Structure formats: C-alpha cells, structure tokens
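From just these sequences and the hints, can you work out the full model?
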Amino acid sequence: MLAPLVLASALGLSAAATAATPDPIADTRPTVVLVHGAFADGSSWNKVIPLLQAQGLNAVAVQNPLTSLEDDVAAANRIINAQTGPVVLVGHSWGGAVITQAGGNAKVKSLVYVAAFAPTLGAHSAADTTGFPAPPGFAHFIADADGFLTLPADAIARDFAQDVSAAEANLIHATQGPVRGANFEQRVTVAAWTAKPSWYIVAGQDRMIDPGAQRALAKKIGATTTEVPTSHVPMVSSPEAVAKVIIEAARAAAK
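So for the sequence shown, this note's numbering puts the first residue at 210; every next one is plus one.
Keep in mind that the hints were calculated from the coordinates and are not lab data.
Hints may be right or wrong, so weigh each one.
Stated by the list, open to error - Restraint-style ranges between C-beta atoms, simulated for each label pair:
#, residue 1, residue 2, range
1, 279, 347, 37 to 47 Å
2, 354, 463, 44 to 54 Å
3, 293, 464, 13 to 23 Å
To be verified - Computed cross-link-like contacts, EDC-like style, restricted to lysine to aspartate or glutamate with a CA-CA straight-line distance of at most 16 Å:
#, residue 1, residue 2
4, 256, 419
5, 405, 457
6, 453, 436
7, 256, 355
8, 256, 377
From a predicted model like this one, the values you see are computed outputs, not experimental measurements.
We put the CB at the ideal spot given by N, CA and C, even for glycine.
Written as structure tokens, this is what we have:
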C-alpha cells in the first residue's frame with residue numbers, strides 16, 4: 210500500500226503546486242511601460258511606479274540608450290513585447306517621440322504624454338516647438354565631441370527641475386542620460402496617436418518645452434488633457450497627479 214500512497218501524495222502535491230502557480234497568460238491587466246526622456250534615466254519614474262503598483266498595475270521602466278530614435282524605439286519594443294497583456298505606453302519629454310513611434314505596436318492600447326513631444330507623421334521633435342519661445346533651458350546644453358548633450362547642475366536646478374529639492378536635483382544631474390543631439394531631428398514613420406486614445410499632461414511651469422507648445426500638441430493629438438503647475442519633471446515633483454492620469458488611461462485600456 211505504500212507505493213500507491215506515495216504516488217497519490219506526489220500527485221496531490223503536483224496538483225497543488227500547479228494550482229498555486231498563476232497563469233501569466235490569464236493576467237490581462239494593462240502593464241504600464243514608462244519611457245524616460247533626455248537628460249534622465251528610468252529612475253525618473255521612481256515616485257510614480259509605487260503609486261501604480263498600489264492600484265494593482267504592473268509597471269516597467271525602459272532604459273533608453275538615447276543614441277537614436279531607432280535605438281530608443283527598439284528598447285521600448287523589447288519591454289512591450291515581453292508583456293502578456295495590453296500596454297499603456299507613457300513617455301516623458303523626448304520619450305514622447307519614442308512612444309509616438311513605438312505606440313504602433315499592437316499591444317499598446319493607449320498613450321500618455323508627460324510634458325512631451327508628439328511629432329506628426331513624417332516630422333521630427335524639433336518641429337513641435339516651432340513658433341513658440343525658445344525655452345530657457347535650451348541655452349545651457351553642453352555638447353561633447355560626439356554630439357551628445359548634457360545639462361550642468363545649475364541648469365538642472367534652475368530650468369529642468371526647479372520645483373524639487375536640492376538633493377533631488379543633484380540626483381537628476383548625477384543620473385542623467387546624455388542624449389545625441391541629432392535625435393531631435395529624426396523623423397517618425399509612425400504616429401500612433403492618430404489611431405490610439407491619448408492623454409497629455411501639460412507642465413505649466415516648464416522651462417524645457419514651452420507650456421504653450423505643450424497645450425498645442427495636446428490639442429493636435431486630441432488628447433484628454435490635464436495641466437499641472439510644475440517644472441519639466443511632474444513625475445518627480447507631482448507624482449500623484451501623473452499617476453492619476455496614467456491610471457485613467459489604464460482603466461480605458463482594460464475595457
């Protein structure tokens with residue numbers, strides 16, 4: 210009788226283990242994929258991610274190489290393609306150009322632009338600010354011999370993130386990703402916002418992308434728009450407001 214009992218016990222344990230293992234394919238909750246901008250890295254979303262997780266959402270931050278539009282789109286698509294359910298694609302600043310192109314991925318159900326570029330099909334990011342005042346932060350780029358741009362610490366504190374603590378501004382400066390200047394003149398071949406619902410967060414005190422340009426972009430893409438009185442980095446200085454909009458987009462994607 211021992212052998213049958215052992216077999217029955219083993220089968221019971223196997224069945225229990227199978228029952229306890231979640232089926233990832235069955236999880237159709239939207240995953241929020243977060244795409245950072247220039248002069249930043251994935252840590253720029255550190256305050257937003259826990260707020261999304263608290264609402265039961267998966268959240269993953271892309272690490273953009275910032276070497277070209279194609280490279281950044283490829284980095285975003287690697288994360289998007291790894292998900293088993295629908296995706297809400299969020300882009301900050303330069304990341305808006307990335308999600309405009311990468312948003313053509315069939316898994317992407319909605320787009321969220323955070324103080325971001327949103328190029329028209331065949332256009333580049335630089336065209337998004339034509340006709341608007343040059344932002345103060347543009348005067349302080351430092352270019353290296355290979356054409357990569359960074360911002361000095363004083364420009365981060367004054368123009369990029371003027372509404373965060375000195376300690377946070379220092380962290381942003383220390384972790385910023387140098388961006389290839391030519392990226393801003395690369396043209397998108399997909400404009401996902403023409404086919405997918407979009408949300409836009411305007412940063413009303415932005416000194417890197419003119420707030421008026423942001424309002425015009427939000428109107429152009431037909432986005433559901435929220436304005437917050439922040440610097441260029443609302444996800445750092447006002448993460449609750451940013452998370453609220455992303456959660457709204459996620460609810461729409463889940464329907």
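Structure-based check of each hint:
no., hint, in the structure
1, 279 to 347: 37 to 47 Å, "violated (24 Å)"
2, 354 to 463: 44 to 54 Å, "holds (48 Å)"
3, 293 to 464: 13 to 23 Å, "holds (18 Å)"
4, 256 to 419, "violated (24 Å)"
5, 405 to 457, "holds (14 Å)"
6, 453 to 436, "holds (12 Å)"
7, 256 to 355, "violated (33 Å)"
8, 256 to 377, "holds (12 Å)"
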